Amino acid sequence: EPEVTQTPSHQVTQMGQEVILRCVPISNHLYFYWYRQILGQKVEFLVSFYNNEISEKSEIFDDQFSVERPDGSNFTLKIRSTKLEDSAMYFCASSEGPREAYGYTFGSGTRLTVV
Amino acid sequence: TQLLEQSPQFLSIQEGENLTVYCNSSSVFSSLQWYRQEPGEGPVLLVTVVTGGEVKKLKRLTFQFGDARKDSSLHITAAQTGDTGLYLCAGAPNNAGNMLTFGGGTRLMVKP
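Chain order of the listed sequences is F and S.
Just so we're aligned, residue 6 is where the first sequence starts under this note's numbering, counting upward by one.
Just so we're aligned, residue 752 is where the second sequence starts under this note's numbering, counting upward by one.
The hints are simulated quantities; they were obtained by calculation from the structure and are not laboratory data.
Hints are supplied without guarantee of correctness; some may be wrong.
[What the hints assert, rightly or not] Short derived list, chain F residues pointing at chain S, Cβ under 10 Å: (1) Ser14; (2) Gln42; (3) Val48; (4) Glu61; (5) Met94; (6) Ser100; (7) Gly108.
Since this is a predicted model, take the numbers as computed values, not measurements.
Even glycine gets a Cβ: it sits at the ideal position worked out from N, Cα and C.
Turn these sequences into a full structure, and let the hints steer you where they fit.
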């Protein structure tokens with residue numbers, strides 16, 4: 006079964022450093038998402054991406070965050086200057102089409118620890 | 752902000768018992784999805800319900816979307832130890848957006 010692949014699985018970084026989280030969505034999917042889950046809390050929406058641009062973003066997704074699809078396969082989330090409160094599990098997801106007609110496939114996540 | 756509240760938060764039952772998990776909101780959602788999440792893994796989609804009053808069955812799991820599209824339930828018949836896990840509901844807003852709002856989850860433990 007097709008998978009969404011995320012790398013690395015774990016990332017430890019110093020506060021203030023930049024991190025890039027990488028995702029390879031399912032090849033025929035057109036919609037891409039990043040969500041995060043702080044330990045013990047709900048899964049939260051960060052951003053959605055379609056047709057090479059951001060289609061929606063949440064209040065969490067401030068100027069410190071950016072997303073990019075640098076080639077035909079990768080989808081990345083960059084955090085420019087990490088803060089302690091950015092420590093969380095970050096999930097990439099993709100879907101073939103928009104909204105409820107199409108299910109979301111999530112990756113296994115990257116656990117980011119900011120120290 | 753549209754919120755989804757799940758209940759109960761924790762549920763521990765014996766194998767063979769039936770159970771129901773609830774997902775409630777004061778807001779209308781265009782659809783609701785149910786996911787199962789294992790420790791250290793991403794959520795895995797179980798089902799999407801779209802129409803108010805819709806019922807979907809997946810083997811021993813029955814999902815229902817409320818008539819007003821504000822709530823949903825997951826009923827498991829004759830639970831098995833393999834059903835142990837975290838069950839999440841997630842709603843798509845009643846607008847043109849694609850984001851999902853997740854509930855806090857119900858952690859189910861089925862004891863042998």
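Results for each hint:
Hint status for Ser14(F) relative to chain S: holds, with the closest Cβ pair at about 9 Å, below 10 Å. Look at Gln42(F): its Cβ gets to within about 8 Å of chain S, closer than 10 Å, so that hint holds up. Interface hint at Val48(F): satisfied, since its Cβ lies 4 Å from the closest Cβ of chain S, which is below the 10 Å cut-off. For Glu61(F), the interface hint holds, since its Cβ comes within 10 Å of a Cβ in chain S; the closest pair sits about 5 Å apart.
For Met94(F), the shortest C-beta to C-beta distance to chain S is roughly 8 Å, which falls under 10 Å, so the interface hint holds. Here the hint on Ser100(F) is kept, as its CB sits about 8 Å from the closest CB of chain S, short of 10 Å. Hint status for Gly108(F): holds, given a least beta-carbon distance of 4 Å to chain S, under 10 Å.
Violated hints: none; the structure is consistent with every hint.
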